[in-house]
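Residue numbers (the working numbering), protein chains in the order written: chain A, 1 to 111; chain B, 112 to 227.
By construction, these hints were calculated from the structure, which means they are not laboratory data. Beta carbons are placed, not taken as given, at the ideal position from N, Cα and C, and that holds for glycine. Any given hint could turn out to be false.
[Stated by the list, open to error] Computed far set for chain B versus chain A, every beta-carbon distance over 12 Å: (1) GLY127; (2) PRO186; (3) LYS194; (4) GLY209; (5) LEU216.
[To be verified] Derived CB-CB ranges, DEER-like: (6) GLU14/A with TYR121/B: 29 to 35 Å; (7) ILE17/A with ASN164/B: 46 to 52 Å; (8) SER184/B with ALA96/A: 16 to 22 Å; (9) ILE171/B with GLU56/A: 32 to 38 Å.
[Said to hold, decoys possible] Residues from chain A that keep clear of chain B, each with C-beta distances beyond 10 Å, as calculated: (10) THR44; (11) ASP52; (12) ARG59; (13) ASP82; (14) SER83; (15) ARG91; (16) SER93; (17) ALA96; (18) LEU99; (19) THR108; (20) ILE110; (21) PRO111.
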Amino acid sequence: GQNIDQPTEMTATEGAIVQINCTYQTSGFNGLFWYQQHAGEAPTFLSYNVLDGLEEKGRFSSFLSRSKGYSYLLLKELQMKDSASYLCAVRGSTGANNLFFGTGTRLTVIP
Amino acid sequence: DGGITQSPKYLFRKEGQNVTLSCEQNLNHDAMYWYRQDPGQGLRLIYYSQIVNDFQKGDIAEGYSVSREKKESFPLTVTSAQKNPTAFYLCASRRTSGRGNTGELFFGEGSRLTVL
Chain A
1 GQNIDQPTEM
11 TATEGAIVQI
21 NCTYQTSGFN
31 GLFWYQQHAG
41 EAPTFLSYNV
51 LDGLEEKGRF
61 SSFLSRSKGY
71 SYLLLKELQM
81 KDSASYLCAV
91 RGSTGANNLF
101 FGTGTRLTVI
111 P
Chain B
112 DGGITQSPKY
122 LFRKEGQNVT
132 LSCEQNLNHD
142 AMYWYRQDPG
152 QGLRLIYYSQ
162 IVNDFQKGDI
172 AEGYSVSREK
182 KESFPLTVTS
192 AQKNPTAFYL
202 CASRRTSGRG
212 NTGELFFGEG
222 SRLTVL
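Next comes chain A alone, as it looks inside the complex:
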């Protein structure tokens, strides 16, 4: 089976740094994705990790530890527009290599 856990809600202050964690237990692993989704809109791709380590992309970074089944998304210099849901998704390595999504973490940035 597939199990992906991430916190339901987080609040952080504008200009600060926030880390959103994701733990997973899946049958097979072929990459982990982070998506951003503003309310009522489509998810947009943020990052992809398939090997252990940190991937940095501007203000956003994503980390993966395959042995621990763990990832985090790090957002620096938070802006009000970063208020959104952040979805963690894992691609399995069997069948059609479909993505399995966590429930998402709703981040609220306050002034």
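Here the structure of chain A is known, so what remains is to put chain B in place on it, guided by the hints.
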């Protein structure tokens, strides 16, 4: 610009009616997907198609049907057999081959279906 177009954006349906949601992509992607999103739940896979004229059930296919007659199009029909159809429906596509391809999903803007 390439992308995925879903229509309609909002749809109201009476109980007992079938409704079809449109999804069109011009990204030349082979694989297409339909997800359902409910409050407090992750995206759940309804159906997917990896190639024209072929599609597979996802985790919650009951009460839904799809077709894939063209590479660009993957419409979803929500039938009267679907017991709780009110939800936000997302269509997605992805490239399945190519150098450096991460295979990330590209999503449409979504269709919000409300059953009255």
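### Query
Which earlier hints turn out false for this structure, listed by number in ascending order?
Failing hints, ascending: 5, 10, 15, 17 and 18.
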